Amino acid sequence: MSSMAQHHAELFRVVRPEALARLVEVRGSIDPGFAAIPAEVIRGQFDMVLDRIQSYLVTEDPDPYRAFAARWMAMRVSAGEPAQNLVHAVVAIGDVVVQVAQARLGPGSQLTDFARAIGRMSFIGSRLLVEHLADELEQRRAHYRALAGTSR
Amino acid sequence: MSQLSLRSHGETHTGNVREANEDAMLVDPQLGLFAVLDGMGGHMAGDVASSTAREALHAHVREHRQSVEPKELLVQAINRASAAVHAEAKSRRDRHGMGTTVVACLMTSDHTAVIAHVGDSRAYLMRDRRMQLLTRDHTVVAELIANGAISPEEAHRHPYKSVLSRNLGAKTEARVDTADLTLQPGDKILLCSDGLHGFASHDGVEQVLHGAEDAVNASRDLIELALKGGGGDNVTAVVLELGQAQVPRSTQIIRQSGSVAWWQRRELFLRMADRRGLPHSPICAVLSPEEAVDIVAGNLCEAIYRDLEHTTGINVWTYAENLGVGWLDQDGRYSDLRELLDLLRAAALDVVADIASGGADYAITLEVAVMRSFTVAEMAVAGLLAERLRQVDASLVELESRVRRERPVTEQPTVPFMRAMKVDPPTPDVAAFLSRAVTAAQEQLFSMVDKIGADACLQTAHKVCVDPVGDAGLAARELFAGRALEEAGITALLEGLEMARAVHIEAVKR
Numbered sequence: 001m002s003s004m005a006q007h008h009a010e011l012f013r014v015v016r017p018e019a020l021a022r023l024v025e026v027r028g029s030i031d032p033g034f035a036a037i038p039a040e041v042i043r044g045q046f047d048m049v050l051d052r053i054q055s056y057l058v059t060e061d062p063d064p065y066r067a068f069a070a071r072w073m074a075m076r077v078s079a080g081e082p083a084q085n086l087v088h089a090v091v092a093i094g095d096v097v098v099q100v101a102q103a104r105l106g107p108g109s110q111l112t113d114f115a116r117a118i119g120r121m122s123f124i125g126s127r128l129l130v131e132h133l134a135d136e137l138e139q140r141r142a143h144y145r146a147l148a149g150t151s152r
Numbered sequence: 153m154s155q156l157s158l159r160s161h162g163e164t165h166t167g168n169v170r171e172a173n174e175d176a177m178l179v180d181p182q183l184g185l186f187a188v189l190d191g192m193g194g195h196m197a198g199d200v201a202s203s204t205a206r207e208a209l210h211a212h213v214r215e216h217r218q219s220v221e222p223k224e225l226l227v228q229a230i231n232r233a234s235a236a237v238h239a240e241a242k243s244r245r246d247r248h249g250m251g252t253t254v255v256a257c258l259m260t261s262d263h264t265a266v267i268a269h270v271g272d273s274r275a276y277l278m279r280d281r282r283m284q285l286l287t288r289d290h291t292v293v294a295e296l297i298a299n300g301a302i303s304p305e306e307a308h309r310h311p312y313k314s315v316l317s318r319n320l321g322a323k324t325e326a327r328v329d330t331a332d333l334t335l336q337p338g339d340k341i342l343l344c345s346d347g348l349h350g351f352a353s354h355d356g357v358e359q360v361l362h363g364a365e366d367a368v369n370a371s372r373d374l375i376e377l378a379l380k381g382g383g384g385d386n387v388t389a390v391v392l393e394l395g396q397a398q399v400p401r402s403t404q405i406i407r408q409s410g411s412v413a414w415w416q417r418r419e420l421f422l423r424m425a426d427r428r429g430l431p432h433s434p435i436c437a438v439l440s441p442e443e444a445v446d447i448v449a450g451n452l453c454e455a456i457y458r459d460l461e462h463t464t465g466i467n468v469w470t471y472a473e474n475l476g477v478g479w480l481d482q483d484g485r486y487s488d489l490r491e492l493l494d495l496l497r498a499a500a501l502d503v504v505a506d507i508a509s510g511g512a513d514y515a516i517t518l519e520v521a522v523m524r525s526f527t528v529a530e531m532a533v534a535g536l537l538a539e540r541l542r543q544v545d546a547s548l549v550e551l552e553s554r555v556r557r558e559r560p561v562t563e564q565p566t567v568p569f570m571r572a573m574k575v576d577p578p579t580p581d582v583a584a585f586l587s588r589a590v591t592a593a594q595e596q597l598f599s600m601v602d603k604i605g606a607d608a609c610l611q612t613a614h615k616v617c618v619d620p621v622g623d624a625g626l627a628a629r630e631l632f633a634g635r636a637l638e639e640a641g642i643t644a645l646l647e648g649l650e651m652a653r654a655v656h657i658e659a660v661k662r
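So the protein lines, in turn, are chains G and Y.
1 is the number of the first residue of the first sequence in this note's numbering; add one for each residue after it.
153 is the number of the first residue of the second sequence in this note's numbering; add one for each residue after it.
Everything labelled a hint here was simulated from the structure, so no lab data went into it.
This structure is a prediction, so every number in the text was calculated from the model and none was measured.
There's no promise every hint is true.
As the list claims (entries may be wrong) - Not everything, but these chain G residues come out facing chain Y in the computed CB check (under 8 Å):
1) A21
2) A35
3) D51
4) Q54
5) V87
6) G106
7) A115
8) V130
9) A148
10) T150
Where a beta carbon is used, it is the ideal one built from N, C-alpha and C, also for glycine.
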């Protein structure tokens, strides 16, 4: 792990409890669908996301994040949420983390570096979800073609 | 006290059930006048009532703003509105009995406002993270509660729960309630029709109002919240936000220096996009190499510049959406779209590196902003793919039904292969089956640790099942809402849903 990654991971650990509390507080604006979810339930979901962000900051390996992104999307889509809302949520979660860090650190190079790391994470998180959507779409189309073939 | 800035925005929506929007709203920041009106009366008369009242209210305040004391002015204006609706109702037989509610806010100084209302449209004040109701509904039931004749619990079941005790239009004058407000920085005022407070919980509205970035997002998110709650009525939300506008220093730097530095390197961006292989992208196959660079990279360069200048994402969003629609609609592969966006992102980061090498102290901030642009592009592509996924799901459901010679029971699947029913309201026997099924699931959950959460979840699902606007799709959402698949209790929830769904489908088939 690079010293920069270590530094970001350490800062993330520090701001994480406050970020989690803030995420629960503003959950309705992250996604109106979250507003209806009890605080203790959504706290668990956000905590899982923060776990993955933390591990990504440490390892810079998106693969574990990929598997989680697919599971989380399946769960939210099953709840009737439009799939793209989850991409918005991932970006908004990153924004909240940066806002909390900003309040704690104030402006400066430390914050800017951290914001860059979280910004990259938001991009990668969004990309993983989009790739998963594209895979799902391809599978459903294949399923449709197969089913259409049997119905002839 | 320093001067408070005022930002405001309003949104209205027909809802999921009604055919027309009889709500009206008024947002006039210059005049400091804001209002929500909810019309009633058949054959489009409700629409006429609310818009007639709005125009009369607006005209009166505009005309007498300088000469009449604010509270008196607002009461006068509402009475003028009532007279206008009354006259209109008397003038045509098909408009007899029409009327409207109103809740209005008039800013009386930088720090004070007066709220006036008639009917069940409401005003809320959000302060220190808590949302407080400023108005008391003028409904028969609210009056009975106030008089101690019935309890709030009884009110939910009362046959007159939606009947107004006051409105505009019934008489030439209305009994107007008013309240004075002294405002603080950070306060938010919400004016809304019953389509919001009737279909979204107090907590949900409080969450959205507190957490929203600004008045625009707040009002949009509130409408979405009401629609997710069933959207059984027209819904309108006007949000006022008071506070000193603060622009972070990083934003100022990007707007002033970052955007200029970016635009000055337009040629570099085009060159780097060319060098990284843009003309070879299958998406550019119908363009010459020069056109590919000029159009595909040039348009993105300008979109990023505009977004940096205004601290928004709408230009890159539109760019990515147009690019994606054009490509995916001709059955283009997603991987080609991803590779094109990746090479453009790499070219953009080349530009940022060039700016950094010049010693610009804002280079990292600019990199964050540029990366954000490409994240926005991902969000736009996600929307396109999700829409296509829904379409394929719908086609699959239809095809499966045909293959199995089953009657199609859905038009809009919300959960893959879990049919969102769009059928008539459940008949009493179907409602009874659903109720019984959910109760059975509920009994299983009594042994679970998370009884309270599960109970609330199932109760809502039950309500959705038996509510006239409810359907199994909504019930599915409620049953799933907030539940992690790994959680204890989720199996029982799913079983409950399956039972409810099975009886519903059987009932529909009958």
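To see whether the hints hold, each was checked on the structure:
no.	hint	verdict
1	A21	violated (12 Å)
2	A35	holds (4 Å)
3	D51	violated (13 Å)
4	Q54	violated (19 Å)
5	V87	holds (4 Å)
6	G106	violated (10 Å)
7	A115	holds (5 Å)
8	V130	holds (5 Å)
9	A148	holds (6 Å)
10	T150	holds (7 Å)
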